[in-house]
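First to last, the protein sequences are chains B and L. By my numbering, the letter at position 506 of the first sequence is numbered 506, and the numbering carries on one by one without gaps. So the number in my numbering is just where the residue sits in the second sequence, counting from 1, plus 10000.
Any given hint could be a false lead.
[Unchecked claim] Chain L side only, calculated, beta carbon under 8 Å to chain B, not exhaustive:
hint : residue
1    : S10019
2    : F10023
3    : F10035
4    : I10063
[What the hints assert, rightly or not] Derived DEER-like restraints, expressed as beta-carbon distance ranges:
hint : chain 1 : residue 1 : chain 2 : residue 2 : range
5    : B       : E544      : L       : P10042    : 52 to 60 Å
6    : B       : G319      : L       : P10042    : 17 to 25 Å
7    : B       : E96       : L       : R10017    : 19 to 27 Å
8    : L       : P10042    : B       : L489      : 34 to 42 Å
9    : L       : R10017    : B       : Y24       : 35 to 43 Å
10   : B       : I524      : L       : K10005    : 43 to 51 Å
11   : B       : E286      : L       : L10053    : 30 to 38 Å
Derived by calculation from the structure, the hints in this document are not laboratory data. Heads up, the beta-carbon is just placed ideally off N, CA and C, and yes, glycines get one too.
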Amino acid sequence: MLSIELIIGVIFLYILLLFMVAYYADGRRELGRSIISNPFIYSLSIAIYATSWTFYGSVGKAATTGLDFLLIYLGPSLAAFSWWFVLRKIVRITKENNITSIADFISSRYGKSQWLGALVTLIALLGIIPYIALQLKAVSTTFSILATYIHQQAPALHRTIPGQQHSGIIAALVLGLFGVIFGARHLVSSERHEGLVAAIAVESMVKLLSFLAVGLFVCYSMYDGVADIFSAMTARDPKFFDQLTTFGSSKENSSLTWFTMLYLSMGAVMFLPRQFHVMVIENSSEEHIKKAMWLFPAYMFVINLFVLPMAFAGILATGGSQGADFFVLTLPLNAGHNWLALVAFLGGFSAAAGMVMLESVAISTMLLNHLVMPIIVRLEPRNWFPFLLINLKRCGIFLVVLLGYAYQQILGETYMLVNMGLISFAAAAQFGPALIGGLYWHRANKAGAISGILLGFVTWFYTLLLPSLIKSGWLHTDILERGPYGISLLKPTELFGLTGIDIWSHCIFWSILFNLGGYLVCSILLGQGETEREQVGKFVDVFELDIDRGLPETKRLSKPITIVEFVSLLSKFIGQEQAHLAISEYMGDREIDEKGMVSEFELPNLKRFIELTLAGSVGAAAAGAIVESYLSDIGSRMESVYDAFSTVRSSLEESREALYVRLKASEIMNRTLDLDIIMDDLLELLQQEFKFELVIIRLTNQDGVLTVHCFRGFAGNSIVERDWLPEIDTYIGEAFLSNKPQFVNDTRNITKPKSREIMEKERIRSFAHIPIATEGDKPLGMLSVFSQSIVGMFTQPFLRLLGSLAGQLAQAVKIEREREAKDRERKEKEQAILENARVTRDMELARQIQVSLLPSSPPDFAGFRLASRCMPAAHVGGDYFDYFQRGTSLLDLVIADVSGHSVGAALIMVETRSVLRAQAHRAEGASGILTALNKLLYDDLTRAELFISMFYATIDSAQKSLTYASAGHNQPLLVHSSSGMCEELDAEGMILGVRPEMAFEEKTISLISGDVIVLYTDGVTEVSRGDGELFGIERLATLVSSLRSQGPEEILDGILQAARNFGEENAFVDDVSVIVMKVE
Amino acid sequence: MMWPKVKKSILLRLRLRESWVIFFILGIIMMNYPFISIFDKPIKFSGYPLLYLYLMIGWVISIVVIVLFTKAIDHRDDQEKE
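With these hints in hand, go ahead and build the complete structure from the sequences.
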């Protein structure tokens, strides 16, 4: 036996079941094992399309107007054909842009317009009210029917029916609560609500099964199959039967109505906020669309199988179409199957609850993001914002439900369920042109979308919603009957005199005409803003974007922002935890510098990411506004990157202009080898093409200082006159040391004080230093460009271009430097050769002088024959010999060797000669002369660090004797004529120049005729062979001994010949002097 | 023997976007005036009204066509994987 308590208990249990399902699904999601991520659940959730309108209203419609109830389901089935293209595209766009609702979608497409978002939200809200009202009406009416039935069954037990009078508001509050609990727990609405979807899917199952249960009962328990019902109906009222199963000729079933219904339902399945929400926002994989494309139509088909039979059965049971909307409930109830009636009620409740909670969640998200947010973002972000926002969202849910309740109260019983729903469908249809057009039409713009939607909405309101309010008696009927101010042309249901068609077709015709008209005309006449164009690419070309994402950045932040600043902004809207999570995901492997900043080129990306993350909770338009206002608060803003190339960049890697500049530059490089001309021309090219106020080329000199080599632009300032030793405290230094371009896009943000001062003085707005370096080499110099007018000139592609020019220049500099080095080397060589020749000539001259100082021939001295020769090894030498004749009987002989063979030795030799010549005439004897000589020469020798060995002898022809002294000289050889014995003439004495005071031993030997005396320098005996063996005294002695019979000249030649032959090169390496004397 | 070949050639055709558009438009035409008026007659087949039968059977056929289409997508995906 049914009772109110039982019904309420069952409803309560059912809600509990849904909660558990939702809770379970959320739990599974957190574990990462989603249960809703499969095509079947997805299809079931799309079946939220079937609301209590379907559950109760279809039968009602079938029982009153016949087969056209099917159109509401045939339309979506047809629309499903397009899903693989249209829906998949929408889903892809939504995922990539973190879109939260249909309003967000449309406003994002048209340049994140806040106005458009607000407009769509308003339309969705107003448009959906009748639909919500429909659900509330269904729930409260069915509850009343059950309650009344129970009351009639046992009036004694249930004198009062609790809650019956307030069933409508109670239903509204319960359903609202549902929405809050499932749909507004978190703020991030781009995140999918898995619990909600799971609950929806369960409800879809429940409504299908309970409907089928009632259908099967009616067809196979009450009647003997479907055919039986049809024949019973034919028997009862064949005319009515035919009327219901054909279109007849009635006005309402005209072809236009047919088309209108089909179009409306095709649109509704995509554009109703809740349909958009389950199909797009809650979609977890594009693959699911594939199965949903036929599963959803199949669901529609199955749920409609028993509609017509049930409608007939209802008519048969009640005798007419009165109360046909609730045949599904009343049939089992009147047949006495209370439990089945309860099942039917539960099915109807399910259908209504699912719709209301999802619709209200979707709408309240839109309300929050597009009506509340635009106000909130004007305020300064605060830490309690997340708390405020989530509660506003909850309030929004109740607002939607309560508005529906209010509408239902106003409208009362004026409309059938189906007709109320159609009002909403017509409103949703207004989104069609802007949404579908926005997907495929590049030109479509914001002005078109706003004017189209606004015109369509106004028309809809005037021709459909207003009449519905008037009919309910809430407003005066004058407008409807005679038109406003009596102007019949403006009658809401017969606008501009269009009569003879039903109100739906009338509304759709005019609203879509104005909508499309406004959309097309404005889109064609007006242009697109910058943000709009950017968004067009993201929407229309969403599938192409996968391939080509490397578009150049066209925006820059005028003042850099740190990550921390962004995070704190984020956390004010989505909470700290979520913000940190999001940013760490973004950072990944990106580089940040020591100040927590990302590179300037990365900033726009970061900003976009922040916007995208915010968009997930507040919608794209509000997110854009939040970031925008935050940036302006801290004095930064997005600026257009100055387009150095002056034409719009295509998707190509480089613009025509950049290629042109490269081409010109390489022409310049190849035209000449003259570096100065190259640099001049290059600077001129740079200045002409890019309007720099100053361009400089600095090259390093030998000391590594960057010196200005060449410049163009305003002169006589502190930049051009400065050469820099590259150090890290200037940008130029940093560029040089790091071998990376350094640039400042806005000198107001400059961080190096030294540079700041200069830039301020010269009023430079932006500049860049590009190292002149070839790949992998150290920089050779620096290309610097300065602009006094343009901020934000240096973009990645532009710097790349400048870098490549600097690289080309580096090649030229390198070639020039190599050439210079070669030149220098050659000149040095020439110089050396010249110098050498001069020295050689001088030495030759010196030699001639020196040779001329030596006696050209030995003197004629009676009783003795003499031969002497000196052969200096170099051009001048240290060897010396001389004769001084004193009187007729005395002849002094001297042979000396100054150590070394240098010019110095030669000079000392000359000095020795002069001194000796002066001394020799004082008859002090050999040792006396040597002692005097030593004293005189000591200072000079010490200063010159030279020594002299000397042998001094005096021949007395009268006595036939030889008196001699030696200052450490090679001991001369005396070869006795008779025996050929060889004797060395030794005498104690050290070389000259060792000590200032020295004594020398003096010896005298007597000579006999035929004796040969050989005086020589070490050049003779020290001639060496390859094996290191020296010529030596013994060899000399043997040689002289064998030659003793010959004349002195011959002996001399023999000695020189032998010594020369002994040596390797057949020449002397040392000075050689020999005196040969033969006694007659 | 013939079936796999026929199936393959059907699926090949269905992969074309044009096929989708054609079927979509065909569906709209068949669900609309004047085409639908052919069946808008008070005739019954074994107790079922003609229009009702036409719409229900047409619906089933359209669902089958979509199933075939989605099979064609899968077929293409498989081919791309190969």
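We went through each hint and held it up to the structure:
no., hint, result
1, S10019, "10 Å, violated"
2, F10023, "6 Å, holds"
3, F10035, "10 Å, violated"
4, I10063, "5 Å, holds"
5, B/E544 to L/P10042: 52 to 60 Å, "54 Å, holds"
6, B/G319 to L/P10042: 17 to 25 Å, "22 Å, holds"
7, B/E96 to L/R10017: 19 to 27 Å, "22 Å, holds"
8, L/P10042 to B/L489: 34 to 42 Å, "40 Å, holds"
9, L/R10017 to B/Y24: 35 to 43 Å, "41 Å, holds"
10, B/I524 to L/K10005: 43 to 51 Å, "50 Å, holds"
11, B/E286 to L/L10053: 30 to 38 Å, "36 Å, holds"
The structure does not agree with the numbered hints 1, 3 stated previously, though it agrees with the rest.
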